[in-house]
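Just so you know, the sequence shown maps onto residues 1 to 62 in the numbering used here.
Any given hint could turn out to be false.
Unchecked claim - Restraint-style ranges between C-beta atoms, simulated for each label pair:
| id | residue 1 | residue 2 | range |
| --- | --- | --- | --- |
| 1 | T49 | E28 | 29 to 37 Å |
| 2 | A29 | T49 | 15 to 23 Å |
| 3 | G59 | T37 | 19 to 27 Å |
| 4 | D58 | T37 | 16 to 24 Å |
To be clear, the hints were calculated from the coordinates, so they are not data collected in a lab.
From the three backbone atoms N, C-alpha and C, an ideal C-beta is built for every residue, glycine too.
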Amino acid sequence: MMAEKSATRGASVLCALVVSFVVSFISEAAFVDFVVTNIDIDHEGTPLTVYTVAARFDGPQD
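All chains, please: the whole structure from these sequences, using the hints.
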C-alpha cells in the first residue's frame, strides 16, 4: 500500500513538472515587480502580521 502511494505521488510530481515545462515555452511574460501585502491577525492572544509576496508580470497570464 505504501509503495502504491509513493508511486502515485511520484507520477503526480512528474506530471506537474512536464506541464510546467510545456507551459513555460507557450507563455512568455517579463517580471515587472513584486507586490507585498500584509494583514494583522490575532492567534490565541498573540498579535501577528501575515505577509504575502506575489510577483507581477506584464504577460497575458498574470
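Hints versus structure:
1. T49 <-> E28: 29 to 37 Å: Given range 29 to 37 Å: holds, Cβ gap about 35 Å.
2. A29 <-> T49: 15 to 23 Å: 30 Å, violated
3. G59 <-> T37: 19 to 27 Å: For G59 and T37 the Cβ distance comes to about 21 Å; the hint holds.
4. D58 <-> T37: 16 to 24 Å: 20 Å, holds
The structure is inconsistent with hint 2 alone, although it conforms to all the rest.
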